[in-house]
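Asks: Sequence:
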Amino acid sequence: MIRNLIGPPVTGMDFIGREKELADAWKAIEDTNSLLLASPRRVGKSSFAMKLANKAEEKGWNALYLDLQGLKDEGEFISLIIRKLNKIKEKNSLLELAKNRIQDFLNSIKKVNAFKITLELQQNPEDFYEKLSKAFELPQRTLIIIDELVLFLEELSRNGDIARAETFLNWLRNIRQKQSENVSWVFCSSISIHGFVSQNKLTYTINDIAPFNLGEMTKEEATLLFEKLDESYGTELSKENIDYILGRIGWKLPYFIQLFFNKLTGDKEKYQQMNLKDCVNKIFLEIIQEHELDTWSERLTAYGEDETASRKLLNYLCLPDHKNERSLLEEIIKDFVPENADINEKYSNIKRMLETDGYIVQDDTGIHFRSPIIQEYWFNRYIQ
Numbered sequence: 465m466i467r468n469l470i471g472p473p474v475t476g477m478d479f480i481g482r483e484k485e486l487a488d489a490w491k492a493i494e495d496t497n498s499l500l501l502a503s504p505r506r507v508g509k510s511s512f513a514m515k516l517a518n519k520a521e522e523k524g525w526n527a528l529y530l531d532l533q534g535l536k537d538e539g540e541f542i543s544l545i546i547r548k549l550n551k552i553k554e555k556n557s558l559l560e561l562a563k564n565r566i567q568d569f570l571n572s573i574k575k576v577n578a579f580k581i582t583l584e585l586q587q588n589p590e591d592f593y594e595k596l597s598k599a600f601e602l603p604q605r606t607l608i609i610i611d612e613l614v615l616f617l618e619e620l621s622r623n624g625d626i627a628r629a630e631t632f633l634n635w636l637r638n639i640r641q642k643q644s645e646n647v648s649w650v651f652c653s654s655i656s657i658h659g660f661v662s663q664n665k666l667t668y669t670i671n672d673i674a675p676f677n678l679g680e681m682t683k684e685e686a687t688l689l690f691e692k693l694d695e696s697y698g699t700e701l702s703k704e705n706i707d708y709i710l711g712r713i714g715w716k717l718p719y720f721i722q723l724f725f726n727k728l729t730g731d732k733e734k735y736q737q738m739n740l741k742d743c744v745n746k747i748f749l750e751i752i753q754e755h756e757l758d759t760w761s762e763r764l765t766a767y768g769e770d771e772t773a774s775r776k777l778l779n780y781l782c783l784p785d786h787k788n789e790r791s792l793l794e795e796i797i798k799d800f801v802p803e804n805a806d807i808n809e810k811y812s813n814i815k816r817m818l819e820t821d822g823y824i825v826q827d828d829t830g831i832h833f834r835s836p837i838i839q840e841y842w843f844n845r846y847i848q
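When we follow my numbering, the leftmost residue of the sequence shown carries the number 465, and every step to the right adds one.
Think of the hints as simulated: they come from the structure by calculation, not from any bench. You may find that some hints are simply not true.
Derived PhoX-like pairs (lysine-lysine); straight-line CA-CA distance at most 25 Å [as the list claims (entries may be wrong)]:
1) 519 <-> 491
2) 746 <-> 519
3) 746 <-> 734
4) 716 <-> 703
Distance windows between CB atoms, simulated [stated by the list, open to error]:
5) 624 <-> 495: 34 to 44 Å
6) 803 <-> 739: 53 to 63 Å
7) 691 <-> 641: 23 to 33 Å
8) 808 <-> 646: 46 to 56 Å
It should be emphasised that the depicted structure is a prediction, and the values quoted were computed from it without experimental measurement. We put the CB at the ideal spot given by N, CA and C, even for glycine.
Using the sequences and the accompanying hints, generate a full structural model.
Replies: The following block contains the structure:
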């Protein structure tokens, strides 16, 4: 029996599939590589990272999972580390050592309030980070996972203060390069991390981290997830039913499967009285007309000056009969980019961002939305 969890990371028995990716990632971690797990939203990065943390603990390692979403400054980052370490059992001498080192560091500056930590850091960032680094000089095998990295970097960089993000990234880089072979790092972020560091000329701060791609589930894994959910919720889906639904979903992300299943089980009796195609079409219509997918629109605000041009391009590509000629696509965005911009270069950059963020894909059939669900959502929300 598994639960259908939408939103929070999926852990334990509820986690299905990803066996090959887990094996590949763990081999890299054992070799003390640092990994950058940068994938489009809703791929399941956090669930995957937590599974790696569980695997580390099963192997006798120590694991520390730090979720940076919602943090406003460096002081809150330090406070998060302390809270996490305080939750570790006392028998874990390694992380107790790390906690004590951080506490010694805080005692040395006699300021443990998050705001005052941030103020102290801004006054002397190099010295602050140098002292803090000692807390990560760990004598046993340890996996440290930092999730939602780019959200924290964007928060630090508000009002154009890129120097704070650069200092933070340089500190992490110095730790990775100076640390012993006992510590492995996994950084999780939306794919926009690449755009952030490139735009701000900070690529050098992460060029020692090996990229690790987490894509859609295989057909076999997606089918297994459906079968496990069907078994748990009694929806009585046949193999043919599952194949049809997966074909309609297209991009086989766990989130889309879970979202579909949530609608199906919400009014199971009603849907069981309908034929399969009508049932699937009705559920998909409910999904695209409600607000579950609004994050795909909201996230474009992070594109800055390229947001409007990106929206115009997506507005065109969601049309079922759109053309693929580059000159036409450049024409669509040319009035929405700075006057002095090279339209050829600007189009290439926008297209690359939309591809890496999971909005569009280019294959033998041309350029189109990567997910039929997102395409229908976009058409319904902005065109129809």
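Asks: A separate judgement is required for each hint: does it hold in the structure or not?
Replies: Hint check results:
Simply put, residue 519 and residue 491 have alpha-carbon atoms about 12 Å apart, close enough for the 25 Å limit, and the pair holds. With a C-alpha separation of about 40 Å, the suggested pair residue 746 and residue 519 falls outside the 25 Å cut-off, and the hint is violated. The straight-line distance between the Cα atoms of residue 746 and residue 734 is roughly 11 Å, inside the 25 Å bound, and the hint therefore holds. This hinted pair checks out: residue 716 and residue 703 have alpha carbons roughly 16 Å apart, not beyond 25 Å.
In this structure the supplied range 34 to 44 Å holds for residue 624 paired with residue 495, their Cβ-Cβ distance being about 39 Å. Taken as a hint, the range 53 to 63 Å holds for the pair residue 803 and residue 739, whose Cβ atoms sit roughly 55 Å apart. A beta carbon spacing of about 46 Å between residue 691 and residue 641 contradicts the range 23 to 33 Å that was offered as a hint. The hint said 46 to 56 Å for the Cβ distance between residue 808 and residue 646, and at roughly 48 Å that hint holds.
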